[in-house]
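There are 2 protein chains.
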Amino acid sequence: MSKDSKPTIEDLKKTLTLIVGQENILFANDNADADTDNSKMQPYLEESRQRKVGVAFAVIFPSTTDEVAKVVGTCRFHKVPMIAQGGNTGRCFGCQTDNPNAVIVNLKNMNHIREIDVENQTVTVEAGCILQDLQTAVAEKGLFFPLSLGAEGSCQIGGNLATNAGGINVLRYGNTRDLTLGIEAVMSNGTVLNELFELRKNNTGYDLKNLLIGSEGTLGIITAATFKLFPPESNSEHGFIAVNSVTDAINCLQQAQKRFAGKLSSFELIPNIAIECMEKHSQLKCPIGNQHPWYIWYKIADANIDKPLFDENITFLDELMNDGLVIDATVSQNEAMKQHFWQIRETIVDVQKYEGISLKFDISVPISAIPILIEKGIAAAKVICPDIRPYPFGHLGDGNLHYNFTCPKTMTDEEYLSQYQDKLYETIHDMVDGLDGSFSAEHGIGSQKVADMKRYKDPVALDLMRKIKHSFDPFNLMNPDKVLPKK
Amino acid sequence: MSKDSKPTIEDLKKTLTLIVGQENILFANDNADADTDNSKMQPYLEESRQRKVGVAFAVIFPSTTDEVAKVVGTCRFHKVPMIAQGGNTGRCFGCQTDNPNAVIVNLKNMNHIREIDVENQTVTVEAGCILQDLQTAVAEKGLFFPLSLGAEGSCQIGGNLATNAGGINVLRYGNTRDLTLGIEAVMSNGTVLNELFELRKNNTGYDLKNLLIGSEGTLGIITAATFKLFPPESNSEHGFIAVNSVTDAINCLQQAQKRFAGKLSSFELIPNIAIECMEKHSQLKCPIGNQHPWYIWYKIADANIDKPLFDENITFLDELMNDGLVIDATVSQNEAMKQHFWQIRETIVDVQKYEGISLKFDISVPISAIPILIEKGIAAAKVICPDIRPYPFGHLGDGNLHYNFTCPKTMTDEEYLSQYQDKLYETIHDMVDGLDGSFSAEHGIGSQKVADMKRYKDPVALDLMRKIKHSFDPFNLMNPDKVLPKK
Numbered sequence: 004m005s006k007d008s009k010p011t012i013e014d015l016k017k018t019l020t021l022i023v024g025q026e027n028i029l030f031a032n033d034n035a036d037a038d039t040d041n042s043k044m045q046p047y048l049e050e051s052r053q054r055k056v057g058v059a060f061a062v063i064f065p066s067t068t069d070e071v072a073k074v075v076g077t078c079r080f081h082k083v084p085m086i087a088q089g090g091n092t093g094r095c096f097g098c099q100t101d102n103p104n105a106v107i108v109n110l111k112n113m114n115h116i117r118e119i120d121v122e123n124q125t126v127t128v129e130a131g132c133i134l135q136d137l138q139t140a141v142a143e144k145g146l147f148f149p150l151s152l153g154a155e156g157s158c159q160i161g162g163n164l165a166t167n168a169g170g171i172n173v174l175r176y177g178n179t180r181d182l183t184l185g186i187e188a189v190m191s192n193g194t195v196l197n198e199l200f201e202l203r204k205n206n207t208g209y210d211l212k213n214l215l216i217g218s219e220g221t222l223g224i225i226t227a228a229t230f231k232l233f234p235p236e237s238n239s240e241h242g243f244i245a246v247n248s249v250t251d252a253i254n255c256l257q258q259a260q261k262r263f264a265g266k267l268s269s270f271e272l273i274p275n276i277a278i279e280c281m282e283k284h285s286q287l288k289c290p291i292g293n294q295h296p297w298y299i300w301y302k303i304a305d306a307n308i309d310k311p312l313f314d315e316n317i318t319f320l321d322e323l324m325n326d327g328l329v330i331d332a333t334v335s336q337n338e339a340m341k342q343h344f345w346q347i348r349e350t351i352v353d354v355q356k357y358e359g360i361s362l363k364f365d366i367s368v369p370i371s372a373i374p375i376l377i378e379k380g381i382a383a384a385k386v387i388c389p390d391i392r393p394y395p396f397g398h399l400g401d402g403n404l405h406y407n408f409t410c411p412k413t414m415t416d417e418e419y420l421s422q423y424q425d426k427l428y429e430t431i432h433d434m435v436d437g438l439d440g441s442f443s444a445e446h447g448i449g450s451q452k453v454a455d456m457k458r459y460k461d462p463v464a465l466d467l468m469r470k471i472k473h474s475f476d477p478f479n480l481m482n483p484d485k486v487l488p489k490k
Numbered sequence: 004m005s006k007d008s009k010p011t012i013e014d015l016k017k018t019l020t021l022i023v024g025q026e027n028i029l030f031a032n033d034n035a036d037a038d039t040d041n042s043k044m045q046p047y048l049e050e051s052r053q054r055k056v057g058v059a060f061a062v063i064f065p066s067t068t069d070e071v072a073k074v075v076g077t078c079r080f081h082k083v084p085m086i087a088q089g090g091n092t093g094r095c096f097g098c099q100t101d102n103p104n105a106v107i108v109n110l111k112n113m114n115h116i117r118e119i120d121v122e123n124q125t126v127t128v129e130a131g132c133i134l135q136d137l138q139t140a141v142a143e144k145g146l147f148f149p150l151s152l153g154a155e156g157s158c159q160i161g162g163n164l165a166t167n168a169g170g171i172n173v174l175r176y177g178n179t180r181d182l183t184l185g186i187e188a189v190m191s192n193g194t195v196l197n198e199l200f201e202l203r204k205n206n207t208g209y210d211l212k213n214l215l216i217g218s219e220g221t222l223g224i225i226t227a228a229t230f231k232l233f234p235p236e237s238n239s240e241h242g243f244i245a246v247n248s249v250t251d252a253i254n255c256l257q258q259a260q261k262r263f264a265g266k267l268s269s270f271e272l273i274p275n276i277a278i279e280c281m282e283k284h285s286q287l288k289c290p291i292g293n294q295h296p297w298y299i300w301y302k303i304a305d306a307n308i309d310k311p312l313f314d315e316n317i318t319f320l321d322e323l324m325n326d327g328l329v330i331d332a333t334v335s336q337n338e339a340m341k342q343h344f345w346q347i348r349e350t351i352v353d354v355q356k357y358e359g360i361s362l363k364f365d366i367s368v369p370i371s372a373i374p375i376l377i378e379k380g381i382a383a384a385k386v387i388c389p390d391i392r393p394y395p396f397g398h399l400g401d402g403n404l405h406y407n408f409t410c411p412k413t414m415t416d417e418e419y420l421s422q423y424q425d426k427l428y429e430t431i432h433d434m435v436d437g438l439d440g441s442f443s444a445e446h447g448i449g450s451q452k453v454a455d456m457k458r459y460k461d462p463v464a465l466d467l468m469r470k471i472k473h474s475f476d477p478f479n480l481m482n483p484d485k486v487l488p489k490k
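As they're listed, the protein sequences go chains A and B. In our numbering, each residue carries its 1-based index in the first sequence increased by 3. In our numbering, each residue carries its 1-based index in the second sequence increased by 3.
Just chain A, same shape as in the assembly (with noise of 0.2 Å):
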């Protein structure tokens, strides 16, 4: 561009081209027959379901933390927004947009595990490499990164950072946070925040690693992190087991919290609609009677092998049977078993779709109120829509329920969701509030719940959290639209 005039959107896509290359970036054309990014496009735009089908100028694929750093410098120098984006799994639209302007910026070829460092039990890794390939790595070197979720196939650790990324192991090891140790971002002034310790004590400072995490992309890019590692759960003992109720459910967890302490990684709350429409669906059977009530698959894990678990978990379910808590139940006896549970456990969530469009919830609530929030929840739910289906299940150890509610039978999804959603979620996220629960507990904020986030959320927290964003971005182009609502 010459030094008189503004920077046009022909510099713009020279710089980008000329930092990534060209074979790492993709730019929307009015002219579909001109060339065919805007379909290569496509998969970035939308939301995975998709529930959301967005547009941007560009879809960039940076390879390095000093890429990112210049294409974050580019987009600033000419007002536009970036949306950091990783596997693209979230729930909600927190990697969509609606502006064609704004340039997504995938970390998908930041991909690379920087060190896995046994003595320490650390790993450093970037933003782009997918879950599962980092628990695969880790697990080579004798070692465990307790992350996991039902997208760990394809979800990306940059993604799971932005979240703050729940799964099925926090009641043993925390959320995503928890299992950070440092992290590196590209802020929205081009700087590369270098804070990538693998220390597990530093108190030298504002805590800026845990603000960035949660955030989703709307205070700076994170590029890469270092976490923990766990010695593996070689000794570990599943059990499946039916109880009459919720209470009953909740009874259970704190005799296993009792019992097993810091052994016990996941207690999963499934109820018996799950169980019907994974066995209508899917060639999974229920390892024990499948007309009860409610089900709990849990798991039980220790690094050392010396000392099997098998007994300690039959004298369990021999106290549960005896305290009345306790229907039926069946334990692991070989590898193959504890497959299946786990297996159940994620049918149970994918099976859903064949019954048609469902209401999602991921709330939480202090683990007392639990039952009764599912029975306030459903009462409610049947006076707005009568033959509505409730779907409930999730972690029940930590209190964060995926509190589905199914179409009903008789009704197209589109009927239901424009007649039923707005009230639903209301309806819900109103009584979750009335619990000091939270309407987000595992999956984030993007776009979808910015209206809740106004509703439900401490003036006084909204107040500080635009006061960071501000500070951090003030021309507002990082994610914008996210997570914070408009005053």
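Hints are computed from structural coordinates only; laboratory data are not their basis. The structure displayed is predicted, hence computed values, not measured ones. Heads up, some of the hints might be wrong.
Which copy is meant is left open, because identical chains are indistinguishable; a pair holds if it fits in one copy or across any two.
[Stated by the list, open to error] Here are the simulated lysine-lysine pairs, DSS-like style, with alpha carbons at most 30 Å apart:
{"id": "1", "residue 1": "LYS111", "residue 2": "LYS261"}
{"id": "2", "residue 1": "LYS144", "residue 2": "LYS111"}
{"id": "3", "residue 1": "LYS231", "residue 2": "LYS261"}
{"id": "4", "residue 1": "LYS356", "residue 2": "LYS16"}
Once you have looked at the hints, place chain B on chain A.
Here is chain B on its own, set in the frame of chain A:
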């Protein structure tokens, strides 16, 4: 004050007195004979070891969050600096000030435990509660709060939060940050941030909780918090072992982590000089031969009392013996012995003072770097001061050493400090920095380590911290001149 005049110091005095009542405020007085407030103020002005004597306009003791909010609002109106203070047990001069206009906001009257929720295993407590009182109160309900440190009899929860305190159970339970589910805090404009959730998962916006934790009163005043509780460590075993080298100690740690995983609560390194010093200056005796180079005290614990850990502990020690890692060892045979081991760990800290002043470090490095840090650090210190007495001990399990250096026998405290303090701090901190370590692992920054922040902290991190500080506290009234270096 009249409408036309500027607010006066008398207005400020009057308003503050109205908020808390005159029994809950002390004012400095130029005429020491006029009242006894000056001497009553003294304990709140000086650091507990008298290493720093501060000043203040007033020390105020609000009793409720509302009173804190009014005090903060008043101080802001008068543009008076506010220093939040807990038990005043910090080691980095975090709650002293040189500003005679400052108001010290001491939280000791806010010492209520608001709720112990047994079912959800959480406690909500006010900032002024003494740590030991909290431990005791939850123990009475059959639960366990794992934060534990030397000052627990007098330090307050608010100070633990402000500095993200660590202590002896971090290896298993994490530091204060890891134990905190929610906080309540008064911001610089007198508004109250209410995020007192007892949720294990809550991804609704930026992590303000962790931003305030560890910010040492520079962003707001934490008035209450909700913490995770745990099943009591009813079943615990201790070991006390002697090893030839720090490398052997780390090998023992790794064996312990492999065997005990989440059951390993503490793993503390003790040098021979500390055992000698303890035997000289206290009634305590080393439970094993007192002439070995290094000692380790460790604790394993479980909630489940059905499976005593004694045998497992013996097996572990047999293994270490067979591997040639241990010279001598003993295990706890009863509660008195456990108490004895714990007292040794506490006493080696206290007795240092009888040998003259020590220059104290609170550093962390990746665990694999500890042997080289100890070897090279001691060598470098002896080049600077040949008769210096290195006294490194601490939390080996999380890489955090209290890497202290006691003055030579032939030297006065004053000579030692004036000749060697600056040079030694710089040498050791440079070395820690070179090993990707932290110059403040668990004690924070206060005013003592502000220069280190300038020297070692990532400049991008400093820039972001300044942005947050300015947006939260635009008049720089919340504990000014702490944590952040001037530009």
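- prompt: Among the hints numbered above, which are violated by the structure, and what are their numbers in rising order?
  reply: Checked against the structure, the hints that fail are numbers 1, 4, while the rest are satisfied.
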